[in-house]
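In case it helps, mature numbering (1 follows the signal peptide of the UniProt record, and there is no 0) puts the sequence shown at residues -29 to -1, 1 to 467.
Just so you know, the hints here were simulated from the structure itself, not pulled from any lab data. Values in this document were obtained by computation on a predicted structure and should not be read as measured data. Mixed in with the good hints there might be a few duds.
Said to hold, decoys possible - Simulated pairs of lysine-lysine, DSS-like, Cα-Cα distance not exceeding 27 Å: (1) 218 to 373; (2) 90 to 102; (3) 424 to 454; (4) 218 to 90; (5) 102 to 178; (6) 373 to 283.
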Amino acid sequence: MRRRPVRLVLITALLTTGATLLPTTTASAAGPRPDFRAPWPCGQTRDYYHHSTEVHNALDFNIAGSADLGTPALASASGTVVDVVPMPNSSGYGNHVRVDHGGGWTSLVAHLDRISVTKGQYVRTGDELGKVGSTGQSSGPHLHYEQEADGQNMPIVIDRVALPYSSTAARHTSGNCGTPPPMLAGSPTDFNGDGKDDIVTFTQDDKADVYVAKSTGSEFEGAQVWHDFFAPGGESPLTGDFNGDDKDDIVTFTRGAENDVYVALSHRDDGFSSATVWHSHFAPGAEVPAVGDVNGDGNDDIITFTQGTDAKVYVALSNGSNGFGEARVWNDFFAPAGEFPALGDVNGDGKDDLITFTQGSTADVYVAFSDGNTFAPGQLVNEHFAPGTEQPRVGDVNGDGKDDIVAFTQGANSDVYVALSHGSGFDGGRLWNEFFAPNGEFPYLGDYNGDGKDDIVTFTHNAEADVYVALSNGTNAFVDGRKWHEFFGTPGETSL
């Protein structure tokens, strides 16, 4: 069974002094509140306060003195940049950026020293919008932040914490360990072992339900609850076959202080078993967890990319029944900060290899092959694929047993490009679909009709919550793109 890469990451926020937990709320006309994260980097603490002369419900975040000048101002939820307003302007906001998160919800960061995005650009939680500054009507460097529903300022909730309004400074530690880059490459989802990938969504709210819609080969059936509490908000859920029974299970990385890993096995045709701890410390902080069978024994293992300056890759092997072994380093330097790591069996030997997309202007692709005990040093295998903020994915689209790479351009064109694996690298990218998964949607790969070739799927993740599939013809195109489900994966959920 092919193993596809990572779905990434939310971290439990540290509560601020005086803060109170608040369930996701809904504005009078807007849709459900997005899962907003703090608009500054993971684990960093900021003072915050409200000036009565400012916009109602706005908050200012800063570090004492001018220490936050030039630090990143981040997207607090995924969405499309709708306003990019540089100086000079008469708004008082100085350089500012507004992001549309769908469902009537927007957010604003202001007084920026400089702006890092363009209008119409799609950003993910944790992507940089600009640098903190003191432009406009500002008395010193700080990050001005607002949340809006249908154009009206709303009380601010970040990291699932309602922040109180006071002229006396309080503190909050950021849980925006988000998705920069957006580890949305998916993972295998054949939960009943019939050879057809299904779809799953984790509500990640107070109920923490897990819904599955099984594939019939031509559509997805109605959604059913397969687990009634798994991967609550702040955790990072993925899927994989951890006991080697050809039915995919669910796994979650808790993050936070414990860094536990829980697994719930698929044990019948309509549910997952109770969750149990399979590892007591894995993928801490802002590391990027992944799933794949790296030693070729038929059981999926867990992998984490430390990224940062060390860029180590740790692996904990599955014992096939109730746990993952000790984590150890399998590669000393792969996928540093800013790259998009993934897993896939590039050479078709049954062992998943490491893949990373540098994106940006270089758009290189590197692979580190698994020998079953370690990953070889990374080697350049494609010099231009998934540039800028395109969405890379991995899967076997022609059914030859070797995983290929796929890029969703999104934006106005919304093209889909494929570079087929030849065993030691990838061919040049070719256009396989001319319009699929436009901005704001979440595309993945899976074999949804059970023919041995991976197809493409996209979750609209808006009020309609539609799911579309286009099937691979195995040679040069994804065809017959149409709706396979009319309501699955609402805003704020994690869907695969």
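Here is how each hint holds up against the structure:
Restraint check for residue 218 and residue 373: the C-alpha separation of about 21 Å stays at or below 27 Å, so the hint holds. The straight-line distance between the Cα atoms of residue 90 and residue 102 is roughly 16 Å, inside the 27 Å bound, and the hint therefore holds. At roughly 19 Å between alpha-carbon atoms, residue 424 and residue 454 fall within 27 Å of each other, so this suggested pair holds. Between the alpha carbons of residue 218 and residue 90 the distance comes to roughly 43 Å, so the proposed pair goes past 27 Å and is violated.
The hinted pair formed by residue 102 and residue 178 fails the criterion: a straight-line CA distance of about 36 Å is larger than 27 Å. In summary, the hint linking residue 373 to residue 283 is supported, as the alpha carbons are separated by about 25 Å, within the 27 Å threshold.
In terms of the numbered hints stated before, the structure departs from hints 4, 5, listed from lowest to highest.
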